[in-house]
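Engineer: If you want the building blocks of each chain, they are given just below.
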Amino acid sequence: NAGVTQTPKFQVLKTGQSMTLQCAQDMNHEYMSWYRQDPGMGLRLIHYSVGAGITDQGEVPNGYNVSRSTTEDFPLRLLSAAPSQTSVYFCASGRTPVGPQHFGDGTRLSIL
Amino acid sequence: AQRVTQPEKLLSVFKGAPVELKCNYSYSGSPELFWYVQYSRQRLQLLLRHISRESIKGFTADLNKGETSFHLKKPFAQEEDSAMYYCALSAYSGAGSYQLTFGKGTKLSVIP
Numbered sequence: 006n007a008g009v010t011q012t013p014k015f016q017v018l019k020t021g022q023s024m025t026l027q028c029a030q031d032m033n034h035e036y037m038s039w040y041r042q043d044p045g046m047g048l049r050l051i052h053y054s055v056g057a058g059i060t061d062q063g064e065v066p067n068g069y070n071v072s073r074s075t076t077e078d079f080p081l082r083l084l085s086a087a088p089s090q091t092s093v094y095f096c097a098s099g100r101t102p103v104g105p106q107h108f109g110d111g112t113r114l115s116i117l
Numbered sequence: 128a129q130r131v132t133q134p135e136k137l138l139s140v141f142k143g144a145p146v147e148l149k150c151n152y153s154y155s156g157s158p159e160l161f162w163y164v165q166y167s168r169q170r171l172q173l174l175l176r177h178i179s180r181e182s183i184k185g186f187t188a189d190l191n192k193g194e195t196s197f198h199l200k201k202p203f204a205q206e207e208d209s210a211m212y213y214c215a216l217s218a219y220s221g222a223g224s225y226q227l228t229f230g231k232g233t234k235l236s237v238i239p
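First to last, the sequence lines map onto chains A and B. Okay, so the first sequence: first residue is 6 according to my numbering, each after it adds one. Okay, so the second sequence: first residue is 128 according to my numbering, each after it adds one.
Derived by calculation from the structure, the hints in this document are not laboratory data. These figures come from a predicted structure and were not determined experimentally. In this text, a Cβ means the ideal position worked out from N, Cα and C, and glycines have one as well. Don't take every hint at face value.
[To be verified] In silico lysine to aspartate or glutamate, DMTMM-like type, Cα no more than 20 Å apart, as pairs:
| no. | chain 1 | residue 1 | chain 2 | residue 2 |
| --- | --- | --- | --- | --- |
| 1 | B | Lys234 | B | Glu135 |
| 2 | B | Lys234 | A | Asp43 |
| 3 | B | Lys234 | A | Asp31 |
[To be verified] Over 10 Å on every C-beta distance to chain B, these chain A residues come out as not near it, computed from the model:
| no. | residue |
| --- | --- |
| 4 | Phe15 |
| 5 | Thr25 |
| 6 | Val55 |
| 7 | Gly58 |
| 8 | His107 |
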């Protein structure tokens with residue numbers, strides 16, 4: 006089992022560019038989520054999904070879009086990258102939102 | 128809204144000394160509490176959840192509802208325990224949704 010797979014691992018963007026961070030899980034988990042990790046801030050929830058076709062905003066959703074067309078995939082889109090979005094992004098999945106979550110390796114994103 | 132507080136950003140202890148990583152939470156209902164650990168250059172992984180009341184890698188954590196705390200303890204620190212530790216709370220956030228809220232993390236450094 007691969008678990009939660011995130012691509013790419015590293016990315017450098019210019020301000021104003023758009024991109025999609027990919028997340029896939031092979032555990033048939035209904036719940037998936039995206040976090041950003043910043044020094045001294047811990048992990049903050051961006052968006053989450055409780056199943057295919059259902060998404061909702063977390064604590065810091067501005068500047069990001071998500072969709073959930075399948076159970077396996079939960080991509081995160083940056084619409085117009087800003088330097089404030091420089092961060093490490095983690096995708097996670099779990100059977101339920103209240104149970105243990107499985108995390109991907111993260112994507113380190115730098116925006117110049 | 129729920130909140131998780133980890134008062135120490137950095138905790139340094141000598142090998143063999145006891146360790147206590149503090150976590151306090153704010154939530155009016157019955158929370159699900161977790162400790163996650165992130166070793167250097169690795170993904171976050173679940174260490175403990177309060178409901179299971181088990182010991183993992185020598186660590187234990189007890190939920191104290193009166194003090195709204197979920198401190199992580201280990202009687203004898205090992206060098207391999209050096210890592211970033213996050214306390215997390217999963218709770219109902221309204222409108223049928225749940226959110227997993229993380230503290231800002233404590234970096235544990237075990238000195239040989």
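Engineer: Each hint should be assessed against the structure and marked as holding or not.
Structural biologist: Status of each hint after checking the structure:
Simply put, Lys234 (chain B) and Glu135 (chain B) have alpha-carbon atoms about 8 Å apart, close enough for the 20 Å limit, and the pair holds. For the given pair, Lys234 (chain B) sits about 14 Å from Asp43 (chain A) by alpha-carbon distance, which is consistent with the 20 Å threshold. Using a Cα cut-off of 20 Å, the hinted pair Lys234 (chain B) and Asp31 (chain A) is violated, with the two alpha carbons roughly 31 Å apart. Here Phe15 (chain A) stays apart from chain B, with its beta-carbon at least about 13 Å from theirs, past the 10 Å limit.
No beta-carbon of chain B comes within 10 Å of the beta-carbon of Thr25 (chain A); the shortest separation is about 20 Å. Against chain B, the non-interface label of Val55 (chain A) is violated: not every CB pair exceeds 10 Å, the least being about 7 Å. Non-interface status of Gly58 (chain A) relative to chain B is upheld: no Cβ of that chain comes within 10 Å, the nearest being about 15 Å off. With a closest Cβ-Cβ approach of about 8 Å to chain B, His107 (chain A) is found to fall inside the 10 Å limit, against its non-interface label.
Hint compliance for this structure: hints 3, 6, 8 are not met, and every other hint is.
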